[in-house]
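*Asks:* Sequence:
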Amino acid sequence: MGTLTGARDCFPILSALLQAKTLRQFDERLQQELTKLLGCEVVGLYLYSETTAAFSPVSESLRDPASTAYPIAQLPAAGTIKEAAVLAGQAILTEDLSASLWTEAQAIAPHICQATSVLVSPIRMPAEFVSGATTKTLAVIAAVAPGKPAAFSEDDRIWLDVLSRHIAPVLTAVLAAEERDTLVAINKQVVLGTITLDNLIHSIEPILREVIHHDVTGLVRFVGEPHNPWFEIVACEGVDIDHNVLRQFPFEHMAAAEILRTGKPLLLTGHNQDQFAEHRYFESLGVFSAMLCPLLVHGAPYGFLAIGSKRRNAFSERDLALTEQIGFHLSHALTNLSAYDQIRRLKDQLEQENVYLREDMGASLDLKTLVGDSPALQKSLRAIEMVAPTDSTVLITGETGTGKELVAQAIHRLSPRRQKALMTVNCAALPPTLIESELFGHEKGAFTSATARKLGRFELAHGGTIFLDEVGELPIDVQMKLLRVLEAQEFNRLGGSHTIRVDVRVLAATNVDLEQAIKRGAFRADLFYRLNVFPLRLPTLRERRDDIPLLARHFAKKYGLRHRKPVTRINSAALKALSAYDWPGNVRELEHLMERAVIVSQGSILTLEELDGLGLSHERTAPPRTLAEAERAHIMDVLVRTNWILAGTQGAAEKLGMKRSTLQHRMKKLDISRPPRHAS
1 MGTLTGARDC
11 FPILSALLQA
21 KTLRQFDERL
31 QQELTKLLGC
41 EVVGLYLYSE
51 TTAAFSPVSE
61 SLRDPASTAY
71 PIAQLPAAGT
81 IKEAAVLAGQ
91 AILTEDLSAS
101 LWTEAQAIAP
111 HICQATSVLV
121 SPIRMPAEFV
131 SGATTKTLAV
141 IAAVAPGKPA
151 AFSEDDRIWL
161 DVLSRHIAPV
171 LTAVLAAEER
181 DTLVAINKQV
191 VLGTITLDNL
201 IHSIEPILRE
211 VIHHDVTGLV
221 RFVGEPHNPW
231 FEIVACEGVD
241 IDHNVLRQFP
251 FEHMAAAEIL
261 RTGKPLLLTG
271 HNQDQFAEHR
281 YFESLGVFSA
291 MLCPLLVHGA
301 PYGFLAIGSK
311 RRNAFSERDL
321 ALTEQIGFHL
331 SHALTNLSAY
341 DQIRRLKDQL
351 EQENVYLRED
361 MGASLDLKTL
371 VGDSPALQKS
381 LRAIEMVAPT
391 DSTVLITGET
401 GTGKELVAQA
411 IHRLSPRRQK
421 ALMTVNCAAL
431 PPTLIESELF
441 GHEKGAFTSA
451 TARKLGRFEL
461 AHGGTIFLDE
471 VGELPIDVQM
481 KLLRVLEAQE
491 FNRLGGSHTI
501 RVDVRVLAAT
511 NVDLEQAIKR
521 GAFRADLFYR
531 LNVFPLRLPT
541 LRERRDDIPL
551 LARHFAKKYG
561 LRHRKPVTRI
571 NSAALKALSA
581 YDWPGNVREL
591 EHLMERAVIV
601 SQGSILTLEE
611 LDGLGLSHER
621 TAPPRTLAEA
631 ERAHIMDVLV
641 RTNWILAGTQ
651 GAAEKLGMKR
661 STLQHRMKKL
671 DISRPPRHAS
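Here my numbering is used: the first residue of the sequence shown is 1, the next is one more, and so on.
No lab work stands behind these hints: they were computed from the structure.
A couple of the hints might just be wrong.
When the alpha-carbon atoms are kept at most 27 Å apart in a straight line, the in silico DSS-like pairs for lysine-lysine are as follows [what the hints assert, rightly or not]:
1) K188 with K136
2) K264 with K379
3) K576 with K558
4) K454 with K420
On a predicted model such as this, the values are computed, not experimentally measured, just so you know.
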């Protein structure tokens with residue numbers, strides 16, 4: 001071919017290259033002009049990465065597995081003619097590749113590389129255009145003439161060397177323009193488009209594919225605690241990854257750990273990732289090159305964007321820099337999504353809290369019913385005052401109807417958490433199949449009817465208090481999850497893998513003997529000990545008989561106002577009967593009885609007749625549970641009928657067939673005392 005010398009011969013090709021808007025157009029025009037000017041069959045363009053000393057093929061002939069040049073593009077840089085040109089800082093010419101020592105000669109069949117001329121020139125940005133005043137190699141041009149020995153002259157080498165220096169600023173401008181246009185398009189998509197976490201990667205994929213040739217895209221999120229980090233694949237396109245296989249590798253030896261530790265992007269060429277434990281697994285999936293770019297949300301590590309290829313040397317530093325910029329835009333999108341998700345969750349939480357609070361308000365007891373003068377109640381009130389300001393777990397025990405939920409409300413309202421929610425869960429009222437979902441929530445699709453994500457009571461109680469009524473009814477498998485919350489303040493929603501941390505104070509109540517339940521295998525011993533940090537036993541109404549008249553008057557007034565009845569007093573006979581009754585249903589039974597009595601009352605004074613037949617007479621016949629209770633009930637009945645007169649022919653001692661001193665001794669032993677005389 002004719003000798004081409006002088007800078008003037010560069011102007012036509014530079015003019016053609018200046019019209020290119022993208023790297024792909026730049027490469028196509030470069031091939032058209034150089035194959036014509038150099039008289040060769042193949043021209044290939046590689047981008048060069050200094051940090052990995054790798055050559056990333058740009059030209060289609062180098063990326064197509066069916067091309068004879070494809071194996072050359074897959075080679076590591078060491079020992080290649082391309083590396084020699086970069087190290088020499090000038091174009092290199094070989095008249096016969098098969099006779100050379102370059103590794104390219106061994107990469108393809110001998111009959112193809114035999115008598116093949118190759119001319120390679122680095123595209124270098126002059127020092128005055130580079131920060132640090134050092135020349136930077138951007139790319140490499142390789143001109144190939146198969147079957148033509150000595151196809152290129154020394155003048156061709158010199159001319160291509162000169163041309164490469166003129167090309168460098170043009171290539172830099174093209175790369176910058178393409179990066180700008182790509183980022184504008186992606187920013188428009190993630191800001192103005194309808195983006196969710198599920199479709200984030202899918203929405204940018206068409207834009208990404210125009211500028212970076214790749215086969216796999218993924219969005220990965222860090223999960224777990226700082227002492228036990230892991231990751232989950234939020235979205236992945238192009239390959240099926242078995243997360244269970246990845247779990248076999250130690251996190252600290254994986255690429256994800258490097259990203260989390262340094263916060264810097266990773267470029268994996270297919271020749272430099274041996275230090276990462278999972279690289280063999282990804283190669284078995286056909287993924288040989290990758291770029292991993294960190295993503296931040298509110299300045300904290302969120303995860304990383306992963307782009308993979310089935311080729312080695314698939315990506316360059318330029319691709320990595322562009323991907324890193326895309327990562328910045330995705331980080332902003334994720335931050336916005338996180339904010340929107342938080343707003344949505346708070347909205348859902350407020351809606352569910354309102355539902356729960358309305359339910360609780362409807363079912364809650366009157367705090368005034370905690371008032372009483374009896375020593376037994378005063379002891380319980382003092383315990384409530386002591387434990388309420390703490391964050392201690394409280395186990396409230398007592399018979400049904402003694403006001404365990406009322407005590408839980410009192411503890412919460414006297415605690416520093418009173419401004420936050422008090423969530424109440426009746427463990428006995430929920431089917432075993434729903435209790436876990438109610439406590440810990442569930443993800444969409446966790447089970448057949450789970451059509452949307454639901455927040456559990458523990459999540460809603462964050463910062464506040466949760467009251468687990470009838471905790472002894474919890475299924476044994478849910479008890480283990482509850483134990484984890486008590487010990488670590490963390491749990492997973494049903495069907496979810498993300499660990500949720502909460503700050504919740506736990507109050508629990510039961511009317512069953514948990515120690516006996518432990519012996520039967522129905523309750524975990526470790527959970528009992530964790531709940532029983534501060535045991536609080538509520539006295540039965542039998543143990544606080546002095547409070548019965550006061551409570552009866554309170555309920556009479558309360559329901560008189562509610563039902564617009566003019567009840568103002570309870571006559572003495574009715575009060576005596578109320579005080580004598582054993583109240584197996586405790587305060588709740590007394591309240592319900594008084595409401596019924598008010599409803600049927602005919603005047604301003606409640607009488608004994610209005611109490612009869614309303615749950616009192618038939619409940620009196622309920623058999624006492626112990627001999628002492630039977631004796632106590634019998635003595636109380638006689639005392640009420642004798643108006644608490646002990647001695648004389650009409651006194652209680654005479655009717656009981658015992659001496660007065662013996663009766664007094666039995667009354668003291670059975671904790672029987674005369675109710676105080678309140679004004680009727």
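*Asks:* Return the numbers of the hints above that this structure violates; sort them in rising order.
*Replies:* 1 and 2
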